[in-house]
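**Student:** Here are the chains, one letter per residue:
Protein chains: 2
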Amino acid sequence: MIKMNLIPIGEVVDCYPSRSDAPRQGAFGDRLCRIRIYEEFAEGLDGLERYDRLIILYWLHLSRRNVLKAKPPGSEEVRGVFSTRSPERPNPIGLAVVRLIEMSGSTLAVKGLDAVTGTPVIDIKPFLKDVDCRGVD
Amino acid sequence: MIKMNLIPIGEVVDCYPSRSDAPRQGAFGDRLCRIRIYEEFAEGLDGLERYDRLIILYWLHLSRRNVLKAKPPGSEEVRGVFSTRSPERPNPIGLAVVRLIEMSGSTLAVKGLDAVTGTPVIDIKPFLKDVDCRGVD
Numbered sequence: 001m002i003k004m005n006l007i008p009i010g011e012v013v014d015c016y017p018s019r020s021d022a023p024r025q026g027a028f029g030d031r032l033c034r035i036r037i038y039e040e041f042a043e044g045l046d047g048l049e050r051y052d053r054l055i056i057l058y059w060l061h062l063s064r065r066n067v068l069k070a071k072p073p074g075s076e077e078v079r080g081v082f083s084t085r086s087p088e089r090p091n092p093i094g095l096a097v098v099r100l101i102e103m104s105g106s107t108l109a110v111k112g113l114d115a116v117t118g119t120p121v122i123d124i125k126p127f128l129k130d131v132d133c134r135g136v137d
Numbered sequence: 001m002i003k004m005n006l007i008p009i010g011e012v013v014d015c016y017p018s019r020s021d022a023p024r025q026g027a028f029g030d031r032l033c034r035i036r037i038y039e040e041f042a043e044g045l046d047g048l049e050r051y052d053r054l055i056i057l058y059w060l061h062l063s064r065r066n067v068l069k070a071k072p073p074g075s076e077e078v079r080g081v082f083s084t085r086s087p088e089r090p091n092p093i094g095l096a097v098v099r100l101i102e103m104s105g106s107t108l109a110v111k112g113l114d115a116v117t118g119t120p121v122i123d124i125k126p127f128l129k130d131v132d133c134r135g136v137d
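The listed protein sequences correspond, in order, to chains A and B.
Reminder that position 33 of the first sequence reads as 33 in full-length UniProt numbering, one-by-one numbering, no gaps.
Reminder that position 83 of the second sequence reads as 83 in full-length UniProt numbering, one-by-one numbering, no gaps.
Since the hints were made in silico from the structure, they are not lab data.
Worth double-checking, as some hints may not be accurate.
A pair counts as met if it fits within one copy or between any two copies, since identical chains are not told apart.
[To be verified] For lysine-lysine, the following PhoX-like pairs were computed, each having C-alpha atoms within a straight-line distance of at most 25 Å:
| hint | residue 1 | residue 2 |
| --- | --- | --- |
| 1 | 129 | 3 |
| 2 | 69 | 129 |
| 3 | 71 | 3 |
| 4 | 129 | 71 |
| 5 | 3 | 111 |
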C-alpha cells in the first residue's frame, strides 16, 4: 500500500491554550493566532503576502482517530463523521480559512484559526474565491 | 516527533485518466467523478446526503514533495509553493470543493474534482458556506 506520511512544515505557536478554549469554528472567533513555519520550508512562503485569505491544514494531534460517528454541537443527532466538522475522524486533519493579518519573516499572524497552541501545521494554500466559493450565493 | 500517517478512507474510482487530462482547478471542469469509500469507513458517510457541497481531501500520489517553488499556470513568475495551488508541495494534499450529485451506497458522484482515477481519498468534510466563505463578498 502507498505510504502517506506527513511532515510538519511548522506549528501553531500562539493560539488557543486548550481544546475547550477554542470556538466551534475558527471563523467564529476573532483571536489573533501565530503560525511559525520552520526554516527549511520558509522559501515556500514567498508570494503569500498577496493573499488576504489562506487555507490552513493542520494535524489535530489531540483527536481520536477511531471514531466514525459524531454529534454536531447543539444537535442531539448522531451522524457519520464525514458529515460533520468534528476533529475526531480517521485522518484528523483540520482545515480553516483564515485571514492573513501580518507576515513577519516566516511567522504568520492570522485570524480565524481554531487550533490549540502546539498544533503541527501541514499545508498552507491560498484561498481562491472563484474556486473555493464558486457558485455559492 | 509525533507520527502523522494517513490512511486511505477510499479512492477516486472514475475521474480524469491522467494529470494532463485534469483541469487546472476541478471547479473549472464539469466532469462527473466517482469516489468509493471503503466498507470499513462507510458508516462515516451517514448524513452526508443533506449537503450539496463537500470538501474532499486527497493524496496527490503522483506529485513530488521536494519542491518549494512553483510557477502558477499562465504565469512566468516563480513563487513559493504555499502561495500556489500546485500539487507538488511538501505534503501533497489536494483539496477540492465539489458538488455532491448522487450518493449510492458508499459511492459518491461529484462534480468539481480535479483528481486522477486511482487517487487515495483521505477525508470528506461538509462545506459550510457560513464558515468557509465567511465574509467573502
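**Student:** All hints are to be evaluated individually against the structure, with a verdict given for each.
**Tutor:** Each hint tested on the structure:
1. 129 to 3: neither (32 Å within a copy, 33 Å between copies)
2. 69 to 129: between (31 Å within a copy, 23 Å between copies)
3. 71 to 3: neither (31 Å within a copy, 27 Å between copies)
4. 129 to 71: Answer is between: at 20 Å across copies they meet the 25 Å cutoff, but 30 Å inside does not.
5. 3 to 111: neither (33 Å within a copy, 27 Å between copies)
Hints 1, 3, 5 from the earlier list are contradicted by this structure; the remaining hints agree with it.
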